[in-house]
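J.: Take these sequences, add in the hints, and give me the full structure.
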Amino acid sequence: MDTFSKSETREALDSVVIRFAGDSGDGMQLTGSQFTHTTALMGNDLATFPDFPAEIRAPTGTTYGVSGFQIHFASYDIMTPGDEPDVLVAMNPAALTTNIGDLKKGGLLIVARDAFTKSNLKKAGYEQNPLEDHSLSAYRVIDLDIQAMTLAAVEPFGLGTKDALRSKNMWTLGLVLWLFGREYTATVDWLRQKFAKKPEIAESNIAALKAGHAYGETAELPSGIGPYEVPKAKLEPGEYRNITGNDALAWGLTAASKLSGLKLVLGSYPITPASSVLHALARLKSFGVTTFQAEDEIAAVCAAVGASWGGALGVTTTSGPGVALKAEAIGLAIMLELPLVVVDIQRGGPSTGLPTKTEQSDLLQAVYGRNGDSPLCVLAAATPGDCFYMAIEAARIATKFMTPVMLLTDGYLANGAEPWKIPSMAELPKFPVEFPTERPEGFHPYLRDPDTLARPWAIPGTPGLEHRIGGLEKDFNSGNISYDPANHHKMTKTRAAKIAGIAADVPEQQVEVGEASGDLLVVGWGSTYGAITQAVRRAREQGKPVSQVHIRHLFPFARGLDTLLRGFKKVIVPEMNNGMLSKLLRAEFLIDAVGVNKISGQPFKVREIEAAIDSELENL
Amino acid sequence: MDTFSKSETREALDSVVIRFAGDSGDGMQLTGSQFTHTTALMGNDLATFPDFPAEIRAPTGTTYGVSGFQIHFASYDIMTPGDEPDVLVAMNPAALTTNIGDLKKGGLLIVARDAFTKSNLKKAGYEQNPLEDHSLSAYRVIDLDIQAMTLAAVEPFGLGTKDALRSKNMWTLGLVLWLFGREYTATVDWLRQKFAKKPEIAESNIAALKAGHAYGETAELPSGIGPYEVPKAKLEPGEYRNITGNDALAWGLTAASKLSGLKLVLGSYPITPASSVLHALARLKSFGVTTFQAEDEIAAVCAAVGASWGGALGVTTTSGPGVALKAEAIGLAIMLELPLVVVDIQRGGPSTGLPTKTEQSDLLQAVYGRNGDSPLCVLAAATPGDCFYMAIEAARIATKFMTPVMLLTDGYLANGAEPWKIPSMAELPKFPVEFPTERPEGFHPYLRDPDTLARPWAIPGTPGLEHRIGGLEKDFNSGNISYDPANHHKMTKTRAAKIAGIAADVPEQQVEVGEASGDLLVVGWGSTYGAITQAVRRAREQGKPVSQVHIRHLFPFARGLDTLLRGFKKVIVPEMNNGMLSKLLRAEFLIDAVGVNKISGQPFKVREIEAAIDSELENL
Amino acid sequence: MSPSEPAKKLTRKDFTSDQDIRWCPGCGDYAILATIQRTLPTVGADPAKTVFLSGIGCSSRFPYYMNTYGFHSIHGRAPAFATGLKLTNPELDIWVITGDGDGLSIGGNHLMHVLRRNVDLQIILFNNRIYGLTKGQYSPTSLVGLRSPSTPLGSVDMPVTPALLALGAGARFVARSVDTLAKHLGPTFVEARGYRGTSFIEVLQNCPVFHDGAWNHVKDRAHAGQTMLMLEHGKPMLFGDKDGPQQGLRLKPNTLELEVVTLGEGGITEADVLVHDETNRPMAFLLAGLEPPNFPIALGVLLREQAAAYDASVVAQVESAKQSGLTDMDALLRTGHTWTVE
Amino acid sequence: MSPSEPAKKLTRKDFTSDQDIRWCPGCGDYAILATIQRTLPTVGADPAKTVFLSGIGCSSRFPYYMNTYGFHSIHGRAPAFATGLKLTNPELDIWVITGDGDGLSIGGNHLMHVLRRNVDLQIILFNNRIYGLTKGQYSPTSLVGLRSPSTPLGSVDMPVTPALLALGAGARFVARSVDTLAKHLGPTFVEARGYRGTSFIEVLQNCPVFHDGAWNHVKDRAHAGQTMLMLEHGKPMLFGDKDGPQQGLRLKPNTLELEVVTLGEGGITEADVLVHDETNRPMAFLLAGLEPPNFPIALGVLLREQAAAYDASVVAQVESAKQSGLTDMDALLRTGHTWTVE
Ligand SMILES: Cc1ncc(C[n+]2csc(CCOP(=O)(O)OP(=O)(O)O)c2C)c(N)n1
Ligand SMILES: Cc1ncc(C[n+]2csc(CCOP(=O)(O)OP(=O)(O)O)c2C)c(N)n1
Ligand code: SF4
Ligand code: SF4
Ligand SMILES: [Mg+2]
Ligand SMILES: [Mg+2]
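Chains P, Z, V and L are the protein sequences, given in the same order.
For the first sequence, the working numbering begins at 1 and goes up steadily by one.
For the second sequence, the working numbering begins at 621 and goes up steadily by one.
For the third sequence, the working numbering begins at 1241 and goes up steadily by one.
For the fourth sequence, the working numbering begins at 1583 and goes up steadily by one.
Keep in mind that a hint or two might mislead.
Unchecked claim - PhoX-like cross-link-like pairs, simulated, lysine-lysine; straight-line CA separation at most 20 Å:
#	chain 1	residue 1	chain 2	residue 2
1	L	Lys1765	Z	Lys883
2	Z	Lys830	Z	Lys814
3	P	Lys605	Z	Lys782
4	V	Lys1423	V	Lys1482
5	P	Lys430	P	Lys263
6	P	Lys234	P	Lys421
7	L	Lys1631	L	Lys1591
8	P	Lys400	P	Lys430
9	Z	Lys883	Z	Lys1020
10	V	Lys1492	V	Lys1475
11	V	Lys1289	P	Lys263
12	L	Lys1631	L	Lys1595
13	L	Lys1834	V	Lys1492
14	P	Lys263	V	Lys1253
15	Z	Lys1050	Z	Lys1020
16	Z	Lys883	L	Lys1904
17	Z	Lys878	Z	Lys1110
18	P	Lys569	P	Lys544
19	P	Lys490	Z	Lys1225
20	L	Lys1834	L	Lys1817
21	Z	Lys782	Z	Lys725
22	P	Lys162	P	Lys118
23	V	Lys1562	P	Lys258
24	P	Lys400	P	Lys263
25	L	Lys1765	L	Lys1817
26	V	Lys1253	V	Lys1289
27	Z	Lys878	L	Lys1904
Derived from the structure by calculation, the hints contain no laboratory data.
T.: Shown next, in the form of structure tokens:
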């Protein structure tokens, strides 16, 4: 663990939001994650939000090629990457123009002055250089010739200008690290490891990093600007790491495979923002994980179902358009009553929509998007780290109830990171699965467990349990094909009852924050957790009568939700969609749940939810 | 028009339900439709229900190979094929065992005695011959050696026994026609036409038909059995024909093409029970109809969307599993804002389910089954003949609002027939479509009509209107790709507002039967129309305070529905699913709509809905 | 064979399920079913380790009739389910049953990819040149001009040749046989089962209800000798009716075309006739496209090329990773940078 | 050209839209775009009647940059949209733009069916052997062993050869060219446009970001003469570096194999070298599979076989039905039995 050793006098701040913005090629994501990492080591709580363009490498200098990374860190526990940045780092004019609107008035703006060339200004749509026309007077500006200083710092390594300039993000990182009293050791280690095979690259980057840091220490910054320090947060004791939602998900699935004793078989097809789960699992072959990049989403889910039938934990990961394609096969899995975990990492829709942006607009597709009466279990993760636990929960329910489970996360959870207290495997409850090996009296594949209504998971290869399954309706008593009218009614009701029964197997719905009854209840699900919690806490600090419920089990709802909802005069439901959970709650409980909807591909700001709370309370 | 000329004394009946049942190979569907046809010519009102096995030609004598055709005809206007048959024709033991349970006590049972062979009895699971063990004493039985009498009748034509026996359905039809005072002329004409190229087949069938008829006239039937007559019904004057839902749909789509002036392009992939729409349209090439049997459902809908972009009325027809596959492409059509008609002829689900049975379980898939916030218009046809009008309505809305429209029918409507008053094309409102040819000031592909919010339908080939569209989010002001957060919010709201605006363009919701407020309201949609109407009428005849609303516009709902629903103490919603419209109504209007659900692959019986009405009224 | 059961000699009955068969009387599917049921016992197949996995169609009802593990999936996707199953348990002997609609229309892409990957499966494509189950629409193998419910004026789609498609996709085992030729079909299945990789077998099948006689030009008993070429590896490609002249296939000198020659005519001897070489891919391409009336149809193994089976490679990669990589979950969770809060 | 506009000579600018191009610097897609934009004016193309229609991928962004009608559809389905559009308006000149992922992975089946139907379209497949847009996963054309984010230990899937797949599916016009070889690419597009039916053109494209140099073994300037065989119909298949020996392809006598021969060595003359015949399908099969190092890659038109275009057949059927069939809707509604209630 690194410690902070400098002795300058530093202004103490409770919390800071920094946004790094530059060209896609400027390495802003790396800069952000290195800053994040060091900040975590410093003991702050933090949350991050990377926001990058759909283009792989948009032409340099364009506004749509701007890549951003926001980090919020504080001396108390925080849950969102922050509403507006206190500090904006803009590596070129395009980054400035697309981000300056978000910077707090009076906020700190760090710009690479020498990137404000005529051609870059033009590409960003500036008629004049904003660094020269007083248009930035509302901010505290540090404009430096970062490119020139980088070139100077890496000169000894004899790189070409193009390569040398690649280190300018490290120079900038060095400066910002110094500004907030952070060491660069961790980044140095990381650079050495990453470029182990190209030591000259590692060393030139390190030189730039150190030069930026040194610049802070030695140069005279305009008065009133830094240096700062952000004291440690009081976090629950334990071993921590940073984790993104997609990594947590991949590890959660792998953990589920260990806890259940099942082989994990992933069928997937690349799609933003889900691909990195496939990548992460592909690296875990040593854990017996099999990954199959299929020819399309349909083949991917079918392979997962085939794997499940064979006795594996069959999983498929995708985003909204992929779920649409998988609908027919998921319907088959429902009919076959096989375990299956379908992960939908939601993005902006409809259609191709906004592939790199976040949204929660697949909820109704998850619950209803299949032909026929085809209920399955729907879960949602609330934070990046929660993806780990919800992956395990999905696998547990899928195998216990022999059902597909749809787990919803989103682009914000997928790429966002948070400090995560690392669990120990021994603490996590095992849920071993047993495959029947003996042929019980009257065996047939749809013979049900009287408690869970689950059918036996008899797997091919088992002598004596040979059977046939398929997508046609089955006879309740024999498992054979049946066109009998009464039987179909009974089977439909049975499938529904089995899924409804999951509610008895999960914890009662709890209030997240506040009392269990009162004036105003804010109900959320998924990645809005942080923003809602923060907003409700702030409102309560101001004495406002508001509570929060956060739903992880979306279908069926957990027991007790009904009572909670009825305990409040008013229920509002913030969602990053045009009103989906609110529809489910209204239909189920007949309460006038009112949507607070943001469909912009961006997560909620705490302020926006506070505003919704205030306006509801006024109208109560 | 045929008339009834016989002079025997006949017992007059108000209404009769007959079910013909036999092996798939026994020609029961033909028998039924010929009886239907003659009955229509006699001026009765009628409704039919064919019910055939999933197997193409199941082995003879098996229970799952039994094919049935039920007809209800009456001297008043009726709306369902009848709850239980008054008359059952059973051509073999399997047909008897699978159908006898439905026959009214005291009903008439006509059996082909000589088909009750040892092997047939065994295949049907009979240990004893039911014709000999008094087990049928609750019915009035006419058991005849129909096979022998058929062979005798067709002997002159020198056919082999197998071929000769093929006419036994005609012998039976002849007898039943006589029993209910019907002429056989129409069937004779039909046989001559159908077998124009094989006159010996035509004539042997005719001989059998006449022999059956003559048998009725000359043989002594057990006392108390017939002959009967069913007087004409009082129908609205006009020219009539029998029509099945799928034929009506095909013709309605073709009519829509005429009324709009658009070329009809169907992209489809065969699937039960939708294939016959493809077949019917493939026969209408002379109307300029283009049909494309695609490689799968996805290609089918994509071809239809491509056709729409090109300026055609793009249509795709399928059933539930096909809709699931089309979801992604329908989402694209929503984003592209192109007209598209998607017809879902629902069948028993989930998955492959009960392919040849009817169900209404795709409603929520239709409304919600896509990624993202992706609203489209959902309509449902109520009767076979209504499929014609709803097809036109779907095309009208699709082209006026530049949106996909999902039209729901089901297996029951698809194959069921009713007498249909033939409209004249001149009476039907035209809805001509104009493609822009001039480039207006500030043209872009998403420039909207201020009233409908529809975008211009500028088609490739038009000079000066070249433009690019696609599945990524569009800028409201330029139609170019936009990742702007506020723009996405605005576009999502705009797409929703456009669809919501359709409500202003369709008639207000009316009460179908009864007062506009009161104690009990029965709300239905789709093919339950007949059963619900009949049940509500009967209840009202008995003085019960019940009204009926039938919904054709399911998304958005028509104006006025809210007021109607709130006008009643209780609302029940009979559906052939596990509760879907009831969910939509609850979520939208917060009224405690209670489902009456039947998920057996069979249409509601009038009696079942009456029972639901009674039990609700008791508990009011 | 499982250790718990004493090895006993199995018979057709052991592979026959208790379900009534629901195909139309006279359907070619019966013959194929009987041949499989008779063949499996002869090669020591274990019902517990044998899986039949199908899509949707008349042919896809097949698994219900086998007393093995069976999976009747959804339309066109059987190869994908089979891939997932095989990756999970490579010990299973998996037979994919599909039709010309299921496998070539909606399922063409999965077929193509399973073939290129070479997953160890047998894929039997029942080619009746029609959609049976949905009542007779034309299929991707229907000939131009076919009148069907969806092509009342005759189809205008150019058909696909299953074996050519398979070869183009990179298939390494391609065979062809006929529903009613049990003596040829059974051994073809045996060869397919023996191949480690995807074996693709097209079976010419008659649908007496919707496309009766689609293969009469091949099967016609009177001329079967002339219309069928029974391939045998290493043997000259000879054919001909018993009492008629012996004919053979020859490569037209210095071209890429095959021609039919008659032994004894113009000095042609057996030595002039091309010898079948199962490992010769260009030859398989030429053979796959032959059809009467100008040529006999080629039956038997057109191509057999050894290559790594996908499932074996995947398993090997996992196993070697297990040897050398991280296996402790707690350690995994702690990879990279961590820190402790006290 | 529309009657309202005076025929003016168009230039590249007329085919260039006002949208910023969003490909990575150095991407091979730029070169292909430039070639299309330069080629279309030379063949009198009318922007109003020209359509670019794509799936999803880097390559599929193409339509945005053309000042013609453009349609950026969903992943893999472009051929199906194009078929519907062409059936609606056969006058349009439709170009389908796809990638090795879009066209061969998720969209393989639509590709195969549009090829067998022979719909009159040009299909350009940008083959960079990688998924560009989703950041570098391996694709169906990636070679075994490729390390990518989804195959960190190397891919084990055997790749597909696009031209072979197309031929297996029944394609009748198959060509191949290279992103940066504008002088070869432009004329290849012209040939493709001239063909009435589906023309399939594979373009070897470099993705400098995720799979830089995937085609270096072909494009390597130093040896380009040896690694590329420029096909010309009716001309002997010769190749070789300018200053090196001239080489040619020959059919190994009495086999189905091609071999490389060197002119002047062992008495080999040009007369021994095989002459390219665009109409010879078996030859196209052999050529499609050639790759360095043992052979040059075959560029140009591998196969051009005349056949009815699907859209033309469909339209003809509709038109002839219009001549002879019922056209009065009121009459249609009254076909069969009707009766009157008074
Ligand atoms: C998604 C989906 N689309 C369509 C169908 C309808 N369908 C069932 S089988 C079939 C075609 C069967 O043809 P083939 O594979 O040749 O089998 P055959 O019946 O001829 O043996 C079709 C179109 C379906 N069940 N599911
Ligand atoms: C239904 C669906 N699945 C997955 C994706 C994600 N996706 C977009 S492009 C692409 C692959 C592109 O590869 P290729 O066609 O080779 O194009 P390139 O980017 O290499 O030009 C994928 C998997 C998507 N957009 N839609
Ligand atoms: S329809 Fe044809 S393929 Fe299907 S079972 Fe009947 S005969 Fe066989
Ligand atoms: S990722 Fe590759 S293919 Fe895509 S634009 Fe960049 S260089 Fe081109
Ligand atoms: Mg078939
Ligand atoms: Mg690619």
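J.: Each hint needs a verdict: does it hold in this structure or not?
T.: Here is what the structure says about each hint:
For the proposed pair Lys1765 (chain L) and Lys883 (chain Z), the alpha carbon gap of about 42 Å is over 20 Å, so the pair is violated. At most 20 Å may separate the alpha-carbon atoms for a hinted pair to count; Lys830 (chain Z) and Lys814 (chain Z) meet this at roughly 17 Å. Annotation: proposed proximity of Lys605 (chain P) to Lys782 (chain Z) is violated, straight-line Cα distance about 79 Å (limit 20 Å). Restraint check: the Cα-Cα separation between Lys1423 (chain V) and Lys1482 (chain V) comes to about 17 Å, which is no more than 20 Å; the hinted pair holds.
For the proposed pair Lys430 (chain P) and Lys263 (chain P), the alpha carbon gap of about 14 Å is at most 20 Å, so the pair holds. For the hint pairing Lys234 (chain P) with Lys421 (chain P), the CA-to-CA distance comes to about 13 Å; that is within 20 Å, so the pair holds. Distance hint between Lys1631 (chain L) and Lys1591 (chain L) is fulfilled; the C-alpha atoms sit about 16 Å from each other, no more than 20 Å. About 12 Å separates the Cα atoms of Lys400 (chain P) and Lys430 (chain P), which keeps this hinted pair within 20 Å; it holds.
About 16 Å separates the Cα atoms of Lys883 (chain Z) and Lys1020 (chain Z), which keeps this hinted pair within 20 Å; it holds. For a cut-off of 20 Å, the pair hint linking Lys1492 (chain V) to Lys1475 (chain V) stands: about 19 Å separates their Cα positions. Straight-line distance between C-alpha atoms of Lys1289 (chain V) and Lys263 (chain P) comes to about 19 Å, which keeps the hinted pair within the 20 Å bound. As the CA atoms of Lys1631 (chain L) and Lys1595 (chain L) are separated by approximately 17 Å, the hinted pair is consistent with the 20 Å bound.
For a cut-off of 20 Å, the pair hint linking Lys1834 (chain L) to Lys1492 (chain V) stands: about 13 Å separates their Cα positions. About 34 Å separates the Cα atoms of Lys263 (chain P) and Lys1253 (chain V), which puts this hinted pair outside 20 Å; it is violated. Note on Lys1050 (chain Z) and Lys1020 (chain Z): the hinted pairing holds, with a Cα-Cα distance of about 12 Å set against a maximum of 20 Å. With a C-alpha separation of about 13 Å, the suggested pair Lys883 (chain Z) and Lys1904 (chain L) falls inside the 20 Å cut-off, and the hint holds.
Restraint check: the Cα-Cα separation between Lys878 (chain Z) and Lys1110 (chain Z) comes to about 36 Å, which exceeds 20 Å; the hinted pair is violated. As the CA atoms of Lys569 (chain P) and Lys544 (chain P) are separated by approximately 14 Å, the hinted pair is consistent with the 20 Å bound. Between Lys490 (chain P) and Lys1225 (chain Z) the alpha-carbon distance is near 18 Å, which keeps this suggested pair within the 20 Å criterion. For the proposed pair Lys1834 (chain L) and Lys1817 (chain L), the alpha carbon gap of about 18 Å is at most 20 Å, so the pair holds.
Restraint check for Lys782 (chain Z) and Lys725 (chain Z): the C-alpha separation of about 35 Å exceeds 20 Å, so the hint is violated. A distance of roughly 19 Å separates the Cα atoms of Lys162 (chain P) and Lys118 (chain P); the hinted pair therefore holds under the 20 Å criterion. Annotation: proposed proximity of Lys1562 (chain V) to Lys258 (chain P) holds, straight-line Cα distance about 14 Å (limit 20 Å). For the hint pairing Lys400 (chain P) with Lys263 (chain P), the CA-to-CA distance comes to about 16 Å; that is within 20 Å, so the pair holds.
Between Lys1765 (chain L) and Lys1817 (chain L) the alpha-carbon distance is near 19 Å, which keeps this suggested pair within the 20 Å criterion. At most 20 Å may separate the alpha-carbon atoms for a hinted pair to count; Lys1253 (chain V) and Lys1289 (chain V) meet this at roughly 16 Å. With a C-alpha separation of about 14 Å, the suggested pairing of Lys878 (chain Z) with Lys1904 (chain L) holds against the 20 Å cut-off.
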